[in-house]
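Take a look at the letters that make up each chain.
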Amino acid sequence: MKILRNPKQKKVLYGIGLILLAAFPFLITNSYYLHVCISIGVYILLATSLNLVTGFAGQLSLGHAAFYGIGAYVGALLMLNFDVNFFLAMIASAVVSGLFGLLLGLPTLRLRGDYLAIVTLGFGEIVRLVFVNWAEVTRGPLGLPGIPSPSIFGFQISGRTAFYYLIIVLVLLTLFVMNRIVNSGVGMAMQTVKIDEIAAESIGIYPIKYKLIAFVVAAAFAGIAGCYYASYIAYISPTTFVYNTSVTILAMVVLGGLGSIPGSIIGAVILTLVPELLRFMSDYRMLIFGALMVFMMIFRPEGFWGASKRVKNIYKIKAGGGKNGSDSGDNQRHN
Amino acid sequence: MKRKALTAVFMAALLAMGLTACSSGGGSTDSASESDTIRIGCAIPLTGASAQDGQSIQNGAQIAVDQVNEAGGIDGKQVELVVEDDKGDSSEAATVANLLAEDSTISAVVGHFNSSCTLAGAPIYNQAGVVEISPGSSAAAVTDAGDYTFRVITTDAVQGRYLAEWAVNDLGYQNIAVLYENTDYGLGLAQVLEEAMADLGANIVVQEAYEVGATDYSTVLTKVASSEAEAIIIGGLYNETALIAKQRSSFGLENMQIMGVDAIYSDALIELGGDAANGILLTGYFSDASTSQVAQDFIAAYEEAYGEMPATYAAYGYDAALVILDAIQNVGADRAAIQEYLSTLEGLEGATGINSFDENGDVIKDPMRMTIENGEFVVIE
Amino acid sequence: MFTQQLMNGITVGGVYALIALGYTMVYGILKIVNFAHGDVFMMGMFLGMFFTQSLGLHYLIAFPLAAAATAFVGICIERIAYRPIRVADKLAVLISALGVSIFLQNLAMLVWGTETHTFNSGITVQTYRLGSVTLSNIQIGVIVLCCVLMIVLYVVVNKTKIGVAMRATSHSIVSAKLMGINTDRIISFTFGVGSVLACVAGILVGIYYDAVYPTIGYSYGLKAFAAAILGGIGSIPGAMLGGFVIGIVETFGAAYISSGYRDAFAFGILIIVLIFKPSGILGVKHVDKV
Amino acid sequence: MAQILETINATIKFGGLTAVNSVSITQEEGEILSLIGPNGAGKTTLFNLLTGVYRPTEGNIKFYGEEITGLKPHERVDKGISRTFQNIRLFHEMTVLENLLIANPDCHRESIWEAVFGGRKLRQKRQRVVEKCEGILKAIGLEDKLEELATNLPYGKQRLLEIGRALSTDPKLVLLDEPGAGMNSLEKEELSRLIYYITTDMKKNVLLIEHDMKFVMGISDRIVVLDHGEKIAEGKPEDIQNNPLVIEAYLGKGIPEDDDD
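Residue numbers (numbering that gives the first Met the number 0), protein chains in the order written: chain P, 0 to 334; chain V, 0 to 380; chain G, 0 to 289; chain F, 0 to 260.
Mixed in with the good hints there might be a few duds.
[Stated by the list, open to error] Here are the in silico distance ranges between beta carbons for each label pair:
no.	chain 1	residue 1	chain 2	residue 2	range
1	G	Val163	F	Lys124	57 to 67 Å
2	G	Gly121	V	Thr370	21 to 31 Å
3	P	Leu272	V	Asn202	53 to 63 Å
4	P	Leu172	G	Phe275	38 to 48 Å
5	V	Gln126	P	Phe154	14 to 24 Å
No wet-lab data here; the hints were simulated from the structure.
C-beta atoms are modelled at their ideal positions from N, C-alpha and C, and glycine is treated no differently.
Between the sequences and the hints, there should be enough to build the whole structure, so can you do that?
Right, dumping it as structure tokens:
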């Protein structure tokens, strides 16, 4: 990874990466591969957002799928019943999911680790049961079919390639926002809360505030992912937004590396690809998957790309008297 | 250092697995229909709550394929069933649908089982122009899913209404308890029953949902016991029906009539329900007591292959595969040709009766009445 | 109907309580939530079925064997999946536990298939009628066993030598080690006991409902986990109380409000209780040492 | 001289145990006040009352004449009280500089909008924060270690860094809980120079708990002695040294080592 030290080389690498991403649908016309890429994109949104809660603010959440589902249902219902434009629906999804994050977080975020885990898990189950039982609105277990595709300025986004570009844009947007949050005072405050709440309070940080910020932002991005998913698959049902999905997202965050955005990306890629790659041994694939999770934690508990690889000077301002703030990766020494 | 080495080995193993998977999967994608095998997809839940039914479907479909292969294949080509697990989850179903639709050697697909999965896969199959024939999705919405979506199971409306008429008109029940599983299937059936009962002038006095895989029915049975209900109609599958039948005696409901549709037809109902299963009334299209030669041949082949009696969904799986194979025999393995052929298919005899499709790809069949006597399904004439 | 529903709730609650005891004991010692415990319960059921049905043993021989085998499974889980990472991040343990859970479920599917099996223990369910309420011998067994096992556990933890060692380990593994306690053995013992309890619960559920399938541990496990937290995790009477509360609340919710929301009542009461009493009903308030 | 800190009959009970019993102390602007007392005397508990970690069962706490008894710890930091801990509580996985940055109110009060959309102005603000922190780093002698992870520092330096972190909140009063614990005599000299620097150059007040009598006597303007949760003496160092009650409290308990409360 020494090559990444030089900011110029890094920019070139990023550029090549972007071009490859953009050219992907032309290189690979297999729509299954494209679909897998889109799934990875959705999971990147979900994993990086959960990472903010669990990796940075240190709060264990087992209910991320609930926010994903709320976003999907809000988006789908708005588009189906009120002909709302996809992008407006997506904003609404983000807002409503975020509000639910606030609603759940306000009374419960003072709970400690395992307690919060079960509360978020319970919340997830309750939300799923509402999807299932509130049949007048959600059509219950029958699901909502025929969700329209987005259109921009009258141009209809349909077909896998268009959706592919849309998710690339969403992923880049999410990564940008997450990066900015993480590398800011807010992000650092979240980390102090994770490391030691009492010490954080002793320097004027109100832990609940930062937990809430993390929770709400994460919920909002999960909502965006949900709205996108609803439009892409064109059909949603409660079976997608279950406990297992929450666990999968959490596993991505932890396997990738807690408190590391590249980690979450790697986690999302690996945990989407591995079950696909293991398809040929269908009987054993989940068995192997479970065993892999255990072994990974034993031999590499900090994940594929742990937080120790993070940028150390988060402000990216060169200290030591220099007045010229440089925004390059000069300070990224630990790669 | 030891850890690093282990991680490296682990990653290498993953990579190796990935490569083998890619080469085995990727190699076949571009070889068109000119290969020496005909491949049919089978997308069903092999893990999760519906795994048991998925397995039945796979087994049934395999019988149909084996029969064709033993007879020398189609135009000298052997038929292969390509099985994919959709976990009964609509999101996973979309992935599987993409996988099968993209593989141009796949001529048509048997699947999916859950209506939610069929609906999630439908846009993908229809866009790619691949026929999917559902062996288990009876929800009304599947009707409108597209030209390439067919099913060999009738809609809930057909069987639900038939069952309601049986209960009210023939057996004279006026107060009915409906217990249904909280899924697309159960709710769909419960809705049909509600409408049918209203039309027939009977009352639904208890209508309660339960989760798939629930073991404790004491709460709902207590409610039934304290109501006026004369019969319980079940909108669910055999496992739960057996448990309800067995547990009802604890609440003084030993003589309460239990009725259901073909979803409860399975040896498991008798095995799990024991004596309590006797007397259950059900409608259906498939029975081991069937007089149809096709059904009897299927049952014999199934028993020989798997050592057990086929359940309803095994028969549907068989029929779904049978319909596809019939199309290929007549018009070849071309995807569009199969669709065209099926859209006008009429009178193909399968294990679940005579299969004909209407303009929406829904099958048209007449149900029969069955009961369980001394641990065996019996057809009521 | 009310009394009958109450009995139904208590029976279900008793099962939750038995499983919750396992969660609570492991948490008490290691301060980790053994997410695979629901699947240990499932393994207990299958092993019970295996020894009675497949080997044709009498239940008096088969059930102790099943309990021993389940204890072995529990101890192995701790050995393989938890011990190497005990000191690491709690989240690592959690993920490892989830991995174990997935593994066990799929293992059961491979070995016994995905279908539902009958339990066929050789014990017949007998129902008794008391006025408008019916009760079965198994229901009574569940409730009685629950209370007996809770008392036994309470005595073991508070009055015996191994109990003292357990409490010392719970307080601090490092200092317990310094006092000459073989903490690894104590932890194995705790997992063993927890697994035996899960097996007992599994066998009772198996006899009562006469149905076993690989994913059965999921919902029982979750509810029991909720029960353990509700009662105050780490507290033995708390686990019992939590189990009964969850059982009764979900039964009444399903009976009088909506059966579709059955699980929502269990989790709803949990969330409400935790908002007002974050350490659970009988839990000890956690004071951060500064 | 103005009174900056005042406790009036501060009392806290944990179950049956009264950890601090009706203690009233005051601190004047500019003076270095020390709390001493044998193990379990309630010194750290009193600190926790002052910083809001615990709420007093009875009694009041005032800061610059303002009632702060009901305020949460972070609110008291805003008022100008910051602290260090007896057992170091640095953010170990963060760098030296980050430990100071995050304590600066301008840093953690960045809003989420600023964080995401901030441009030049934000950068300038951050630049100022960094410069301020560098000033503190110089004062605690860690200016060449700013990108070291806190956990990699030697013990004595960690103590200094924690003091630096407390200073970075821009407090009026700094509470130091055994700042000299675990330091060798050379480091202690450095520490007392730092404390003088804080009080004279930075014009901040210091309240400290310390066991090293020589150190306490040398640095304090005034000393308060606690025993069994009660104030048993208060006065100038030389008065305290000769106070029989104090001597009895210590000798009756043996030689003071580590405070465990």
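Hint-by-hint comparison with the structure:
no.	hint	verdict
1	G:Val163 x F:Lys124: 57 to 67 Å	holds (58 Å)
2	G:Gly121 x V:Thr370: 21 to 31 Å	holds (30 Å)
3	P:Leu272 x V:Asn202: 53 to 63 Å	holds (54 Å)
4	P:Leu172 x G:Phe275: 38 to 48 Å	holds (40 Å)
5	V:Gln126 x P:Phe154: 14 to 24 Å	holds (19 Å)
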